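Asker: Each chain, letter by letter, is given below.
Number of protein chains: 2
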Amino acid sequence: MSKNIIIASTSTLHDGDYLEYLLPELKIHFENCKTILFIPFARPSGITHEEYTAKVALAFAKIGKVVKGIHQFDDYSIAIKNAEGIFTGGGNTFLLVAQLYKKDCMIALTEAVKNGTPYLGTSAGSNICGLSMQTTNDMPIVCPPSFKTLGVISFNINPHYLDADLLSKHMGETRETRINEYHSFNNVPVLGLREGSWLKVTGDKVVLKGNLTARLFLQNQIPVEIESETDISYVK
Amino acid sequence: MSKNIIIASTSTLHDGDYLEYLLPELKIHFENCKTILFIPFARPSGITHEEYTAKVALAFAKIGKVVKGIHQFDDYSIAIKNAEGIFTGGGNTFLLVAQLYKKDCMIALTEAVKNGTPYLGTSAGSNICGLSMQTTNDMPIVCPPSFKTLGVISFNINPHYLDADLLSKHMGETRETRINEYHSFNNVPVLGLREGSWLKVTGDKVVLKGNLTARLFLQNQIPVEIESETDISYVK
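Residue numbers (our numbering), protein chains in the order written: chain S, -14 to 221; chain R, -14 to 221.
Just chain S, same shape as in the assembly (with noise of 0.2 Å):
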């Protein structure tokens, strides 16, 4: 079986509900799903494992799924294995990649969703997708053993894209400057997609996907704007 990925920026729209804007792209995604598997280690604001997964059930119900958190089962890896969807959400990516790789989860996440397993991330869990989590915008609140990820993608994912406030008096670097410091040291593109963009998988294509562009970014060039319905499989 071939790849089948949805990576997006975010979980949720300012003026919607959890998962909302995304749920007719998830019931075809996941449409040979009764079950999905939840991944809830980026544990946003410091939530539960079960507070987390709790939120994501809800959501998912809307479509008719059921979710059961990996927390939930004795060997992670066979669960990851086993499993007909798989989600992994949002919130801190160092945490979440701390984890994946304490719980012995990156090497069978990796297989699984290279092998076919519909995959969903948002924000931590789109991060992950990539390269590496270099181009997270999280606070290193816990350090993983590496910043090495699935690679289900050729290149890295930069969520929550934001254009920079030309109105703003904060000199803190903006995001585009960030990304630009990455490239002094690093020469994997990076993708910047913004609220309400995703990226959808099928294979070795890979077509950006909502109303906005996103913004393209290669080491020693000018930074392009990918029109929505673009096929970036040439990102690499």
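Any given hint could be a false lead.
Dumping the calculated DSS-like pairs for lysine-lysine here, alpha-carbon to alpha-carbon at most 30 Å [what the hints assert, rightly or not]:
1. R:190 with R:12
2. R:12 with S:154
3. R:-12 with R:190
4. S:66 with S:133
5. S:154 with R:185
6. S:154 with R:40
7. S:133 with R:88
8. S:133 with R:133
9. S:154 with R:194
10. R:19 with R:40
11. R:154 with S:194
12. R:47 with R:194
13. S:87 with R:87
14. R:53 with R:99
15. R:154 with S:185
16. R:40 with R:88
17. R:133 with S:87
18. S:194 with S:53
19. S:47 with S:185
20. S:87 with S:99
21. R:19 with R:99
22. R:154 with S:47
23. S:190 with S:66
24. R:99 with R:47
25. S:40 with R:154
26. R:47 with S:154
27. S:88 with R:133
28. S:12 with R:154
29. S:87 with S:185
30. R:87 with R:66
31. S:154 with R:154
32. S:19 with S:87
33. R:190 with R:19
34. R:87 with S:133
Listed next, the stretches of chain S that the computed footprint assigns to chain R, with coverage defined by at least 3 CB atoms under 8 Å from CB atoms of chain R [as the list claims (entries may be wrong)]:
35. 21 to 33
36. 121 to 128
37. 155 to 164
38. 167 to 174
These are calculated hints, taken from the structure and not from any lab test.
These figures come from a predicted structure and were not determined experimentally.
Heads up, the beta-carbon is just placed ideally off N, CA and C, and yes, glycines get one too.
Fit chain R to the given chain S structure using the hints.
Answerer: Just chain R now, with coordinates in the frame of chain S:
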């Protein structure tokens, strides 16, 4: 000798030149120094050590100080040990910390600052004064061997502290949310230093300076605003 440190949120205010707002303070802080050793490792926007040092030299020339970049020395530890005064500039904290470890500067720098060598940090250079760099705002563009930093104060710094924009429709985490996530896993106090604020450390005394309040986060407590001129030596 006892500690003599300035820990500034930012090098530059929106309406000012590089280090301009701090120069009156720096004139006193470095009054016994003819030369300042500059640590350019954080390389904002990926600029070279030479470019960064030239920029800093230009600012310090206004108060009659000569600046030497640490990269110009053969032995970095000895350069630090012999320095009359030290300035670590901003940029990327992961890069700064990775380089400080790689170049065996971490112990020498801790010792020098603890022994009273006048030190100035801005942004990333302030982040490293805390117990760890885990409350940085920067992207993990390189992987340091440890997040542990100088620990010349007994809490962590969040520089460029930014209040939530209540009108924003962006769904990325606010700074306060990020710091609260840090406190889900760590009990080190965090001081959010707004741009224009700095800490003046004299011996064991730590005083907030500048016109603004700072936001103090203690684990499991509601954050509080600290007034300028407050002695916060009790925070640990």
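Asker: Tell me if the straight-line CA distance from residue 87 of chain S to residue 99 of chain S falls inside 30 Å.
Answerer: holds, 21 Å
Asker: Assess, step by step, whether the Cα of residue 19 of chain R is no farther than 30 Å from the Cα of residue 99 of chain R, and give holds or violated.
Answerer: holds, 20 Å
Asker: Keeping to a limit of 30 Å between CA atoms, is the pair of residue 99 of chain R and residue 47 of chain R held or broken?
Answerer: At roughly 28 Å apart (the allowed maximum being 30 Å), residue 47 of chain R and residue 99 of chain R satisfy the hint.
Asker: Hinted pair, alpha-carbon criterion (30 Å max): residue 12 of chain R, residue 154 of chain S. Please report holds or violated.
Answerer: Roughly 26 Å separates the two Cα atoms, so the pair holds.
Asker: Straight-line Cα separation of residue 154 of chain R and residue 185 of chain S no greater than 30 Å?
Answerer: The given pair, whose Cα atoms are some 24 Å apart, holds under the 30 Å limit.
Asker: Need the status of pair residue 40 of chain S, residue 154 of chain R: alpha-carbon distance at most 30 Å?
Answerer: Roughly 21 Å between the alpha carbons, so the hint for residue 40 of chain S and residue 154 of chain R holds.
Asker: For the pair we were handed, residue 194 of chain S and residue 53 of chain S, check the Cα-Cα distance against 30 Å.
Answerer: holds, 27 Å
Asker: Taking only the CA atoms, is the gap from residue 87 of chain S to residue 185 of chain S under or equal to 30 Å?
Answerer: Holds. Residue 87 of chain S to residue 185 of chain S sits at ~29 Å (cutoff 30 Å).
Asker: Does the alpha-carbon distance linking residue 133 of chain S and residue 88 of chain R stay inside the 30 Å limit?
Answerer: holds, 24 Å
Asker: Does residue 87 of chain S sit within 30 Å of residue 19 of chain S, going by the straight-line distance between their CA atoms?
Answerer: holds, 28 Å
Asker: Compare the distance between the alpha carbons of residue 53 of chain R and residue 99 of chain R with 30 Å, and conclude whether the hinted pair is satisfied.
Answerer: holds, 21 Å
Asker: Can you confirm whether the C-alpha distance between residue 190 of chain R and residue 12 of chain R stays at or below 30 Å?
Answerer: holds, 20 Å
The structure shown violates none of the earlier numbered hints.
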